[in-house]
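Let the hints inform the model, and build the full structure from the sequences given.
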Amino acid sequence: MKSLKKQRRIQIIVLAFVTLAISTGLIGYAMRDGINFFRSPSQVVQDPPAATEVFRIGGLVEEGSLIRGQGETVSFNVTDGGASVPVVFTGVLPDLFGENQGMVGMGKYVGGVFQATEILAKHDEEYMPKEVIDALKEQGVYEDPNS
Amino acid sequence: MSLWQYANPVKFLNLSGKVLPTLSVLTVICLVTGMYWGYFLTPDDYKQGSTVKIIYIHVPSALIAINAWFMMLVAALIWLIRRHHVSALAAKAASHVGVVMTLIALITGAFWGQPMWGTWWAWDPRLTSFLILFLFYLGYIALWSAIEDPDTAADLTSVLCIVGSVFAVLSRYAVNFWNQGLHQGATLSLDKEENISDVFYFPLLFCIAGFVLLFLVLTLVGTRAEIRNRRARALVAREKG
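Those sequence lines, one after another, are chains A and B.
In terms of my numbering, the first sequence has 413 at position 18, counting the first letter as 1, and numbering is strictly consecutive.
In terms of my numbering, the second sequence has 1146 at position 36, counting the first letter as 1, and numbering is strictly consecutive.
Source of the hints: derived by calculation from the structure; they are not laboratory data.
Possibly wrong hints are sitting among the right ones.
Mimicking DSS-like on lysine-lysine, the simulated pairs with C-alpha atoms at most 30 Å apart in a straight line are [to be verified]:
1. Lys1350(B) x Lys1121(B)
2. Lys525(A) x Lys1157(B)
3. Lys525(A) x Lys1163(B)
4. Lys532(A) x Lys1163(B)
Source: prediction; values computed, not measured.
See the structure below:
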């Protein structure tokens, strides 16, 4: 860089940015499936993975599908609006887990049922004071944005 | 009068010396107000309870971590094109602040993720690109001290800075490119309706302003130190002559 004229330095920098952008775009495009953290239920139903493959599935916990109280095991359906996949899980669930909440589970898809070994809760970007929600609920004004 | 006159180290030292006391006072005011307001005067969130208060450190530090790299990128480009030494030194000083902010964001993020998501760490696109950004900071700082000739060091670190900016961009926009991740989308954005209630929002603004000012103060102090350090070394070299 030292021996080059200013004009040429600018040209090299612009060229570097263009090639950098193109290569990043190509890598991102080629690896777009690998970079996604989880698969959606629609993807899983359309293209069912082998029973030995360990992957993550993510979506909303379908309303009315959550069944607790079979010992430590819980079962529920995960949905993305399009398709719905039944999930069974044995273990401790995170605090935010619940119906109509986002979740990401890791495990295997065996015989049409996703057998999860780990469940994470996904939360949205909304923040509201608890008192406000409680007051709104009392007045019957508040509607759950997820329902 | 042009902006470039502050590329002169003497003028830079004069001006920065004059504004630093005011900036420092403003930093303390913003940080104390924001932190006190955020931690003691805000209610619990309807889903997350009091865990939501990590937002007052996590969001500002992550914001600085990413934007410090963009500031370094601008400084590096000014160095590469116009060869102003102060610019190169400002990038170096900013990297030291940036790496700490990145580490703070990573640690507070882990403490937030553990109770909410159920995990300290996940290989989510946004988290992963942020970790890579942290490694770029470490590499950038290591490269500065690995090369003895100051101009060569400034050249090579500037190139590294250009490459690393890919991950600074990804850290910010990964949630938009790959929407199947664990990290939620941006809460604060200029183009959407607000997602955050005002009681959380205003203290957060104070915290963000405080962190931005803190970054400015530390970077200015760091740049001044680098300039003087270089002068001292030049003096020693002359003595040995």
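- Query: Given the hinted pair Lys1350(B) and Lys1121(B), is their alpha-carbon gap at most 30 Å?
  - Reply: holds, 28 Å
- Query: Quick one, are Lys525(A) and Lys1157(B) close enough, alpha carbons at most 30 Å?
  - Reply: Distance ~8 Å between Lys525(A) and Lys1157(B) Cα, so the pair holds.
- Task: For the pair supplied as a hint, Lys525(A) and Lys1163(B), confirm whether the alpha-carbon distance does not exceed 30 Å.
- Result: Given that 30 Å is the threshold and the Cα spacing comes to 13 Å, the pair holds.
- Message: Holds or violated: Lys532(A) and Lys1163(B), Cα atoms, limit 30 Å.
- Response: holds, 24 Å
Hint check: no violations occur; every hint is consistent with the structure.
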